[in-house]
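**Q** Each chain, written out:
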Amino acid sequence: MDTATLATDLLDLTLADALEALKAKKISATELTEAYITAMEGGRALNAYTTETPDKAREMAKASDARLAKGEAGLLEGIPLGIKELFCTEGVETNAGSKILKGFVPPYESTVTQNLWDAGAVMLGKLNMDEFAMGSSNETSAFGPVANPWRAQGSNGTFTPGGSSGGSASAVAGLMCLGATGSDTGGSIRQPAAFTGTVGIKPTYGRCSRFGMVAFASSLDQAGPITRTVKDSALMLQAMCGHDEKDSTSLTAEVPNFAASCGKSIKGMKIGIPKEYRMDGMPAEIETLWSQGIAWLKDAGAEIVDVSLPHTKYALPCYYIIAPAEASSNLARYDGMRFGYRAEGKTLAEVYQNTRSEGFGEEVKRRVMIGTYVLSAGYYDAYYLRALKVRRRIAQDFDEVFKSVDALLTPSTPSAAFQLGERSADPISMYLNDIFTVTGNLAGLPGISVPAGLDAQGLPLGLQVLGRALDEETVFAVGSALERAAGFAAKPEKWW
Amino acid sequence: MNTTAEKSNLITGNTGEWEVVIGLEVHAQVASNAKLFSGAPVGFGAGPNENVSFIDAGMPGMLPVINKFCVEQAVRTGLGLNAQIHTRSTFDRKNYFYPDLPQGYQISQFKNPIVGEGEIEVEREDGSSFKVGIERLHLEQDAGKSIHDMDPNATYVDLNRSGVALMEIVSRPDMRSALDAAAFVKKLRTIVRYLGTCDGDMEKGNMRADVNVSVRKPGGPLGTRCEIKNVNSMSYIVKAIEYEARRQIEILEDGGQIDQETRLFNVASGETRTMRSKEDAHDYRYFPDPDLLPLELEQAWIEEIRKTLPELPDAKKARLMADYGLSAYDAGVLVTKGARADYFEAAAKGRDAKLIANWTINDLLGRLAKEGHDIDDSPISAERLAGMVALIEDGTISSKIAKEVFEHLWASENTAAEIVEKHGLKQVTDTGAIEKAVDEVMAANPDKVEQAKAKPQLAGWFVGQVMKATGGKANPKAVNDIIQKKLGV
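As they're listed, the protein sequences go chains W and R. If you're matching positions, the first sequence starts at 1 in this note's numbering and goes up one per residue. If you're matching positions, the second sequence starts at 1 in this note's numbering and goes up one per residue.
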């Protein structure tokens, strides 16, 4: 076998396969890491990585090999990963996709990434994202949009990998890492996973610590992995999550063995199909995919139940009040006083205005203004308070249906990936991307997107499984049943 | 509650009498070694920005975690104010931009404070007292400090205070004079000091007050109020209120109206001036802090804290009056500081309590105050003061001699007995010696003897002469008896 073939073979291993091969000493962490460094460096056309840390990767891989030799392998020993730009990494720039944080090097490590390093994972670099995770196409990044490795058949057009974890999804789909961290506030893990033929899970709110994660909307933000398979996601999430006393909203619940749920029979499980998710004007392909998913689960022995989540139609407006409200406050610290971008001005007010006008992009400014508005005296009750009430109703809808079903099946997105630039002028059509995913954030529930097929243009489509709070096990079980049935084996043709 | 001021509190203007209505928001720094949400150390005198964690500096991704001890201190304070403790409270963000506010918001409790309604009894100088309702007490974090006078072109920011726990104690508008307002703050300070929940040091800014002042015709509807921000001494509170009340009365009597606004007290001029008008008031966009869960307290924990409460000033005062027979005034003075009462009780053990109280209050506290000290750094221990009072009680020294002994106690470390011995201050009760002295005085003043025989009230002159001759050491009663016997009056 020549080295080129070997490297390609290495890249073809899933995270689970690689773990086994490493443990069996068939491959070394160093070899694996070198293969990914080469892939990362060769994939710059995708603009997935904003910072590459090959030296750090080599050093970490070497340490992994030493631990593997001593039989002290951690949960993710020697696995090369990419890290979304909003996870603070000590000594490595963390810019959250924003000009205002360009060049910011945190002197501390986020809990999620620390957990990954403690499990033996190797850091390849930082991944591009929509600015402050506000966006569904990665086009709001101050560091340029990320390209989806997938292209429509017979087209040279560049498609979005989705957002905000666009860099993460692109890097995983483009075989430039074995897995990537993402964060999901309204669908920012699941939508990019669906657009790139990858798997992404947003766990229950509070499973992963938010400490050291640049905040967008604190009550909705949740970290999760994007990987190639459901089992890979289970393995990676296992290492990422767990109670953290540095985050007051972190859950104290035990973390079960997620990987053990993958492949488990779903016979006799009740799967709810929420009728409100059947939307007017939804493309026929999405309908077909959903029906196909229902059939797969039925074949696997699950019982399909029609359910209703009556407040679904309010979810998107509710989300676009709560998330910007929290963001307007969370982003107040970017004022040019202590770190990050600073513009000069004659007065204090001018320094603030110039810094924030120049440092933030248009979408971020739009949301800061919406958020400021809905929290203002005289508007608070009509918008923010009402949105909180609607949020409670949405959560109650889920509580109600989960009395009779074990999980819900929905499409992940209302369409396949679109071309860069296609929707960036129309924020509303962009916001509609989150229509099936925001409910999970508002209710704090776990949700996974699993690749389930291709659309007529040959672009991937995903199905979403939503579960009860803290019941990622069922989500993984149903997700892996879909994965098995779908047998999704398509790969993007390498053009970069 | 006293809704109308006593007559003496009314202010006379050109159109008649006015009543001033005062409510206070007192910011008391929680006595704690660590900040409210960051665990960073709290300390006066650290170098600039030395006590600052990444959380206090508002770094990206940093999250607040509540300091349980600060919560306990707030509960303890609430209990000390006879207030309702809320088993569920929440934290809100108060949003505004300022360089010494790193997060761009202050975490406070706007909607659901940890402590609700309470009431305290406040004593006036004249011994009368009045009640003040407590509306609420809530926990919040302090901002940093902007220093504008170190450089003509720059403002320096010190974040040491950023994130320090404060209790904001809000009173009902129950005060009707500047002195009452100061008395309320004094009482509050006494209570938090007893509880150990705030050191009450106004000079260091560890306790400061926002004062709400309005005026009205006695019994009339409440007037528009102005808030005077950040007043940091008792005398400034009095001056600020007096000035502000006069200002408002003048405006109203000239046919004007009061604009609701925030004002600042200028220490140098003794005046208040506009800081910002209602139109310019910040819209703080309060909303629940999504980084913090509601604070839920178990009733059992609250009860445990209640059990550890010290005896509070009102209870202590009542006990000193009952157990030691002290006057309300004396007991009141002694309980203004726990250490004073402790001193008194230590000294009074087995002694004449009234005498101990007099010496403690009049002589010791008076002298300490003159030298700018309090009981904590008294050069005379309770034991040494008690030793001196014992000598008065058994007649070894007179009260007059005791004044001299007291001076020696202050200046040396000797006991009263040693001082009396060393300086020969023992009272002379030996009648032979006294008789001899009386005889000598009478022999030298035969004319006075004749006069005194006719006019017995002149006998006092002989007492004075004998005391002088004996250097004040003669027992005055014995001297008096002998003189009267010799004069035959």
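These aren't lab readings, by the way, just hints derived from the structure by calculation. We treat Cβ as the ideally placed atom computed from N, Cα and C, and that holds for glycine. Any given hint could turn out to be false.
Just the calculated beta-carbon pair ranges, DEER-fashion [to be verified]:
(1) PRO48/R with MET282/W: 24 to 34 Å
(2) ARG67/W with LEU309/R: 50 to 60 Å
(3) LEU222/R with THR347/W: 33 to 43 Å
To give an idea of the chain W side of the interface with chain R (calculated C-beta under 7 Å), a few residues [unchecked claim]:
(4) THR30
(5) VAL214
(6) THR252
(7) ASN257
(8) ALA332
**Q** Checking each numbered hint in turn, tell me which of them this model violates, lowest number first.
**A** Violated hints (numbers, rising): 1, 4, 6 and 7; every other hint is consistent with the structure.
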